[in-house]
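Trainee: Chain by chain, the residues run as shown.
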Amino acid sequence: MSLEFLVASAIATLVAGGIYLALRARTFQVVLGLTLLSYAVNLFLFAVGRLVVDRPPLWSKDVTHHADPLPQALVLTAIVITFGMTALTVILSLRSFLESGSDQVDGRAGRDGDEAA
Amino acid sequence: MSLLALILLPFLTAIVLMAVRRASRGVHMAIAAIGSAGGLGVLLSQASAVLSGHIPRTTVAWLPTLGLDFSLWLDPLALLFAGLILGIGLLVVVYAQGYLAKDESTARFLSFLMLFQGAMVGIALSSNVLLMLVFWELTSLASFLLIGFWRDRAEARQGARMALSITGGGGLALIAGMLLLGKAAGSYDLVTILSRGDLVQASPLYPAILVLILAGAFTKSAQFPFHFWLPHAMAAPTPVSAYLHSATMVKAGVFLLARLWPVLAGTDWWFGIVAPVGLVTMLFGAGVALFRHDLKAILAYSTISQLGLMVMLLGFGTGAAVAAAIFHIMNHAAFKAALFMHAGIVNHETGTRDIRRLGGLAAIMPLTATLGVLAAAAMAGLPPLGGFISKEMMLERSAETAWAGRALLVPVLATIAAMLSAGYSLRYAVALHLGARKTGEVATPHDPGAILLGPPAVLVGFALALGLLPMTLAAPLVAAASEAVTGDGRPDLHLALWHGINPALAMSLGAVAIAILLLWRYPALERAVARLPSPDAKHLFDGGMTAIVEGLRRLSDLLHVASLQRYLAVLFVVVMTLGMEAGWRFGVAAGSRPTTPASPVAVVAWAVMVVATGAVLAADRRRYLALIFISVIGLVMALAFVHLSAPDLALTQIAVEVVTILLMLLALHLLPGRPPRLSGATRRLRDGAIAVAGGAGTGWLAWTIMTRPEREGVSRFHWENSYAGGGGTNVVNVTLVDFRAFDTLGEIIVLGIAGLAIYALLQPAARGVAGRRLRAWRSDDRHSPERHPMMFVMATRLLLPLALLVGSYIFLRGHNQPGGGFIAALVFSIAILLQYLASGFDWTDERRKFGEHGLIGAGVLIAVATGAGALLFGAPFLSSSFDHFHLPLIGEFELATAMLFDLGVACVVVGAVMMALAQLAHVAQRAARHDEEDAA
Numbered sequence: 001m002s003l004e005f006l007v008a009s010a011i012a013t014l015v016a017g018g019i020y021l022a023l024r025a026r027t028f029q030v031v032l033g034l035t036l037l038s039y040a041v042n043l044f045l046f047a048v049g050r051l052v053v054d055r056p057p058l059w060s061k062d063v064t065h066h067a068d069p070l071p072q073a074l075v076l077t078a079i080v081i082t083f084g085m086t087a088l089t090v091i092l093s094l095r096s097f098l099e100s101g102s103d104q105v106d107g108r109a110g111r112d113g114d115e116a117a
Numbered sequence: 001m002s003l004l005a006l007i008l009l010p011f012l013t014a015i016v017l018m019a020v021r022r023a024s025r026g027v028h029m030a031i032a033a034i035g036s037a038g039g040l041g042v043l044l045s046q047a048s049a050v051l052s053g054h055i056p057r058t059t060v061a062w063l064p065t066l067g068l069d070f071s072l073w074l075d076p077l078a079l080l081f082a083g084l085i086l087g088i089g090l091l092v093v094v095y096a097q098g099y100l101a102k103d104e105s106t107a108r109f110l111s112f113l114m115l116f117q118g119a120m121v122g123i124a125l126s127s128n129v130l131l132m133l134v135f136w137e138l139t140s141l142a143s144f145l146l147i148g149f150w151r152d153r154a155e156a157r158q159g160a161r162m163a164l165s166i167t168g169g170g171g172l173a174l175i176a177g178m179l180l181l182g183k184a185a186g187s188y189d190l191v192t193i194l195s196r197g198d199l200v201q202a203s204p205l206y207p208a209i210l211v212l213i214l215a216g217a218f219t220k221s222a223q224f225p226f227h228f229w230l231p232h233a234m235a236a237p238t239p240v241s242a243y244l245h246s247a248t249m250v251k252a253g254v255f256l257l258a259r260l261w262p263v264l265a266g267t268d269w270w271f272g273i274v275a276p277v278g279l280v281t282m283l284f285g286a287g288v289a290l291f292r293h294d295l296k297a298i299l300a301y302s303t304i305s306q307l308g309l310m311v312m313l314l315g316f317g318t319g320a321a322v323a324a325a326i327f328h329i330m331n332h333a334a335f336k337a338a339l340f341m342h343a344g345i346v347n348h349e350t351g352t353r354d355i356r357r358l359g360g361l362a363a364i365m366p367l368t369a370t371l372g373v374l375a376a377a378a379m380a381g382l383p384p385l386g387g388f389i390s391k392e393m394m395l396e397r398s399a400e401t402a403w404a405g406r407a408l409l410v411p412v413l414a415t416i417a418a419m420l421s422a423g424y425s426l427r428y429a430v431a432l433h434l435g436a437r438k439t440g441e442v443a444t445p446h447d448p449g450a451i452l453l454g455p456p457a458v459l460v461g462f463a464l465a466l467g468l469l470p471m472t473l474a475a476p477l478v479a480a481a482s483e484a485v486t487g488d489g490r491p492d493l494h495l496a497l498w499h500g501i502n503p504a505l506a507m508s509l510g511a512v513a514i515a516i517l518l519l520w521r522y523p524a525l526e527r528a529v530a531r532l533p534s535p536d537a538k539h540l541f542d543g544g545m546t547a548i549v550e551g552l553r554r555l556s557d558l559l560h561v562a563s564l565q566r567y568l569a570v571l572f573v574v575v576m577t578l579g580m581e582a583g584w585r586f587g588v589a590a591g592s593r594p595t596t597p598a599s600p601v602a603v604v605a606w607a608v609m610v611v612a613t614g615a616v617l618a619a620d621r622r623r624y625l626a627l628i629f630i631s632v633i634g635l636v637m638a639l640a641f642v643h644l645s646a647p648d649l650a651l652t653q654i655a656v657e658v659v660t661i662l663l664m665l666l667a668l669h670l671l672p673g674r675p676p677r678l679s680g681a682t683r684r685l686r687d688g689a690i691a692v693a694g695g696a697g698t699g700w701l702a703w704t705i706m707t708r709p710e711r712e713g714v715s716r717f718h719w720e721n722s723y724a725g726g727g728g729t730n731v732v733n734v735t736l737v738d739f740r741a742f743d744t745l746g747e748i749i750v751l752g753i754a755g756l757a758i759y760a761l762l763q764p765a766a767r768g769v770a771g772r773r774l775r776a777w778r779s780d781d782r783h784s785p786e787r788h789p790m791m792f793v794m795a796t797r798l799l800l801p802l803a804l805l806v807g808s809y810i811f812l813r814g815h816n817q818p819g820g821g822f823i824a825a826l827v828f829s830i831a832i833l834l835q836y837l838a839s840g841f842d843w844t845d846e847r848r849k850f851g852e853h854g855l856i857g858a859g860v861l862i863a864v865a866t867g868a869g870a871l872l873f874g875a876p877f878l879s880s881s882f883d884h885f886h887l888p889l890i891g892e893f894e895l896a897t898a899m900l901f902d903l904g905v906a907c908v909v910v911g912a913v914m915m916a917l918a919q920l921a922h923v924a925q926r927a928a929r930h931d932e933e934d935a936a
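Protein chains in written order, with this note's numbering: chain E, 1 to 117; chain H, 1 to 936.
Hints were generated in silico from the structure; no laboratory data involved. Among these hints, one or two may not hold up.
As the list claims (entries may be wrong) - Partial list, derived from the structure: chain H residues whose beta carbon lies under 8 angstroms from chain E:
1. Gly197
2. Val512
3. Gln565
4. Ala602
5. Met609
6. Ala646
7. Thr660
8. Ser679
9. Asp687
10. Gly695
11. Thr698
12. Glu712
13. Val714
14. Tyr723
15. Leu756
16. Phe882
Ideal Cβ positions, reconstructed from N, Cα and C, are used throughout, including at glycine.
Start from the sequences, fold in the hints, and give me the full structure.
Mentor: Below, the structure is given as C-alpha cells:
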C-alpha cells in the first residue's frame, strides 16, 4: 500500500462523511460535517504539493530535495481560517437555537421545533 | 474648453448649494441664478460662431477601449436645446424663490434642479452616444428626486416612482438600442454614426434598433401609450412642472428623434411608427385636456398633445416638417412654461387649482390675467403669437401628407387636434379670467410681486416676439438647427404671420370656429363624455406593479424554502455534475510518478482515522461522543503532517484542534443534547449516495494529482529566495509573513471580522427570547459536582507561565524553525483558556488586562503599520527588511521587520480566538446577570 493511496482514500472518506453530515437536519451535525469537509480540503490542498517524507521545507545550502513550501503556507492559513469559520457557524447556530427554540435547518422548524427543544 | 465648463457648471453649482445649505434663501437663489446665467453667457458667446458654421468640439478620452469618450460638441441643434435649458432654468430659479414656502429647503430643491440642468445640458452636448446615455439616465433620476420633492406626500412619492419606472424602463430599452446602433454603425461617436445612415438602415438590426430607441424616446416624451406618468408627475412643485415636464426634459425624446434623424428617418418603418404615434398622442392628449378641471392636469395633457405634434412632424420625414417641429419646440417651451408659472401663481393666490371654482380673475389680478390669456392664445395658435405660425406650419405639412393612399386622413385628424387644442386653450383663458367671481378661494387674491410675475412675463414676451419678429429672432436658428438635423443643406425658411390664403389658413379658421362652438355647448358635451368608459391608467399601472411584485414573491418563495438541507444538496450535486462534466471532457487519468511505500504505522493511523470517521457518523446524535471522534481525526491529521514533512502544519493543526473542540464543547453545553432523528430512510439513502459519489470523486482527483510528476512552479522562487531575500530558513513562515504577506494581512482581517461578528451575535443574546431560554437553562452537574477542582486549578496556574514561555519561544524562532505568529498565538490562547476552564470566568476576567476588541484592532494596525513602514523607504507596501546584530552574551542574532508583522498576526489570532470562546462561555452568565438587573 502506498502513502498516496492512503491519503487519497482518507480524503475520500472524509469528504463522504462530511457531505453526509452536512446534509442532516440539525445544526450541530452540519457543523460536524463542515469540520470533516475542512479536514478533507486542507489535506487535499496539502497533497497537491505531493507527498514527501521527512524532508521539511527548512532552507539550507546543501538541501536539494525538500517538501513544497507553498501548499504548506496556504494550508496553514486555511487551518486558522477554518477555525474562524467553524466558530462563526457554531455561534450562528447557537444564536438561532436561542432565538427560535429549534436547532433544525430543514425549513420545518416551525412545525416540530418545540418538541426538539 | 468652454464646452466642459458648460457641462460642469451646473454640477458644481449643485455641490456648492449643498455645501452652503444653511445659508439664507437669497444666497441659494443667487448661487443657482449665477450658475445658470453663467452657463447661458458661455453659450451665447459661442452662438454666432456656431450659427456661421464653426462647431466647437472637445474630447477627453474616458474608456477608449469601450468606445466611451467624454466628447462634446455644440452644433446648432445642441445650441438651441442648451439655450432653452439654461434660459428657462434661470427663469425657473427666480420663480422658485417666490414659489417655495418659507420653511422648505431651497438648497435641496435648487441643487436637484441644477443636477437636472447639468444632465440635460449633457444630453444636448454629447457627441458620443454612450455618454449621452449616462446623462439620459441622470435626467430620469433628477426628475424622480424633483417629483418626489415633497416627500411627505403620498401622491408625490407615487408619481415619482411611476415616472422613474416608465422613463427608467424606456432608458433600459434605449441602452440596448444605442449599443446595437453602435454595433451597426461601427462606432459610438455621434458624428460618425450620423454619416453612416445608409449602413445602419441596410443592417438587419435596423428594425430592432429603431424600436428600442423609439421606446426610449416615447417614454421620455410621454407618447401614447406611455403618456400616463406625466399627469402624475404634476405632484411636483410647479417650478419643476414648468421646467422638466413641459419645457425641457420631456422634449429630450423629441431631441433624440431629431438628433438621430439622419440615421433612422426616411424609411417606411420610421414613417409607419413615428407619425401615427405622434398623431394619436396629439389627438388623445388634446381630447383629454379639454375635459380636465385641474389647471395642472389640463396643462399636462396639453403638453402630451403638443409633444405628439412634434413627434408627428418628425415622423413625416421631410425637411420642411423638421423645421416646423423645431420652431414649435421653441414656441411651446415659451408659452407652456409661462402657463405653468401662471397656474402656479393662481394656485398660490387662490388656494385652488380647480377651474370650476375659479373665475373673473381678470378684474382682481390684471397682470397675471394678461399673461395667462396671452400664453393661452399662443397655445391655441392664435395670431399674432409664435404658436400661430408653428401651428400653421404643422397644418400645412399635414395637408401634404397622405396616409396609405388617403389624402384626407392626416389633414382631417390634424385639424381636429388643432380644434381641440384651441378648445382647451380658450377654456383655460376664458373660464379662469372672465365671467363672475366664484367663491372657491380661500384668500383674497391679488397680483403677486415681480419675483413671481417676472419670469412668466419674460416668457410671454418671448412668445409674442416669436410671432411678431420671426425672421429676425427665430429664422436663423431654426434654419441652422434644421440643417443640423437633416444634414442636407440650410432650408430657405419664410416665417410670417400672414401666408396668404392657403389650405392651412382655412383649416386653422375652421378649427378655431368649431372650438368656440364647442365651448358654447361645453356642459352638454361634458355630460356626454362623462358617460364614456375611461380606463384609469394609474389603476392599471398599480395593478401591473402589484402583479409583478406578487409574481416575484411567489418565485422567491419557491426558491427560498429556508431549508439548508435542500440548498446544500443542490450545491453538492451541481458542483459534482460540473466536476464530472469537466473530467469527462478533459479526462482525469492517474500519472506515472512513483508512489511512496507506506509504513505500518501509517497504515494503522489511516485505519484509526477511517474508523473514527465512521464512528462520527454512527454517533451523530450522541453529540459528545461524536466530538471525541472528531478530535481523534484531528490528531491523526496532525500526525500525518508530521510524517509528511510539514511540522508547521502539524503544530497549527494540533493547537487549532484543542481550541475547536473547546469551542464546540461550550456550544454543546447550550444546545439540545440528544435530539430525535429527523430524516427518513429514503432521505438518508439519497444523501448517502450523494456523499459516496462526492467522496469517490474527490479521492480520485487527489490520487490523479499525487501520482503525476510535480512541476517546477512558483515554489522554486520561494525556496531560493527565502534566506537570501527574506532572511529566514523556515520557508513556510517566510512565505506567510513576507512573500505572501498581503494574503496574510487579508486573512487576519477576515479572522478579526469573524471575531467581531461573533461578538455581535452573542452580545444581544442575553435579552429577549434568547435571554429567557438562556436563563431557563440549568447546568448538568451530575458528572462533576465540583465546579473548580483544586488539582485542575493549581496545575493550570502553574502551567500558565510555562505555556507563555513556550509560546514566546515558538514565536521568536518562527522565522527559521517551525513556529511563528499563528502557532504562538494559538498556544497563548490555550494557556488563557485553561484558566477560564479551571478557575472560572469571573476569576480570570478580573485578572485579564486586555480586551479582545483591542487585541484585534491593535494586531491589524501593527500589521498595516509594518507594511506601510516600507513606503517610507520607497519600497512597495509590505516589503520586509532584515539585518544581523551582535550582543554580548547572547551572540549573533537576526531581526526582521517581518517579525513585527508576525506580532500583528499573533495579536489578531489571540483576539479572535478569545472573542469566540470567552463570549460563548460568558453568554449564559450574562443572561443571569441581566435577570438580576431586571429584578433590581
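Trainee: Would you settle whether the hint for Leu756 of chain H is holds or violated, based on the nearest Cβ-Cβ distance to chain E being less than 8 angstroms?
Mentor: violated (10 angstroms)
Trainee: Once the shortest beta carbon distance from Phe882 of chain H to chain E is found, is it less than 8 angstroms?
Mentor: At about 14 angstroms, which exceeds the 8 angstroms cut-off, the nearest Cβ of chain E leaves the hint on Phe882 of chain H violated.
Trainee: So, Asp687 of chain H near chain E? Judge it on the closest CB pair being under 8 angstroms.
Mentor: holds (4 angstroms)
Trainee: Next item in the hint list is Val714 of chain H. Is there a CB on chain E closer than 8 angstroms to its CB?
Mentor: Hint holds; Val714 of chain H Cβ to chain E Cβ min 6 angstroms, cut 8 angstroms.
Trainee: Closer than 8 angstroms between Cβ atoms is the bar; does Gly695 of chain H clear it against chain E? Give me holds or violated.
Mentor: holds (3 angstroms)
Trainee: Should the interface hint for Tyr723 of chain H be scored as holding, given a Cβ-Cβ cut-off of 8 angstroms against chain E?
Mentor: This hint holds: Tyr723 of chain H lies near chain E, its Cβ roughly 5 angstroms from the closest one there, short of 8 angstroms.
Trainee: Does the CB of Glu712 of chain H sit less than 8 angstroms away from some CB of chain E?
Mentor: This hint is violated: Glu712 of chain H lies away from chain E, its Cβ roughly 11 angstroms from the closest one there, beyond 8 angstroms.
Trainee: Against chain E, with CB atoms and a cut of 8 angstroms, does the hint on Gly197 of chain H hold up?
Mentor: Constraint on Gly197 of chain H not satisfied, violated at 59 angstroms.
Trainee: Holds or violated: Gln565 of chain H as interface residue toward chain E, Cβ cutoff 8 angstroms?
Mentor: holds (5 angstroms)
Trainee: Hint check: is the beta carbon of Ala646 of chain H less than 8 angstroms from a beta carbon of chain E?
Mentor: Since chain E brings a Cβ to about 5 angstroms from Ala646 of chain H, closer than 8 angstroms, the hint holds.
Trainee: With chain E as the partner, please determine if Ala602 of chain H meets the hint condition of a C-beta pair closer than 8 angstroms.
Mentor: Status holds, d = 6 angstroms.
Trainee: Going by Cβ atoms only, is Val512 of chain H closer than 8 angstroms to chain E?
Mentor: At 71 angstroms from the nearest chain E Cβ, Val512 of chain H fails the 8 angstroms test, so the hint is violated.
Comparing the model with each earlier hint shows violations of hints 1, 2, 12, 15 and 16; every other hint is respected.
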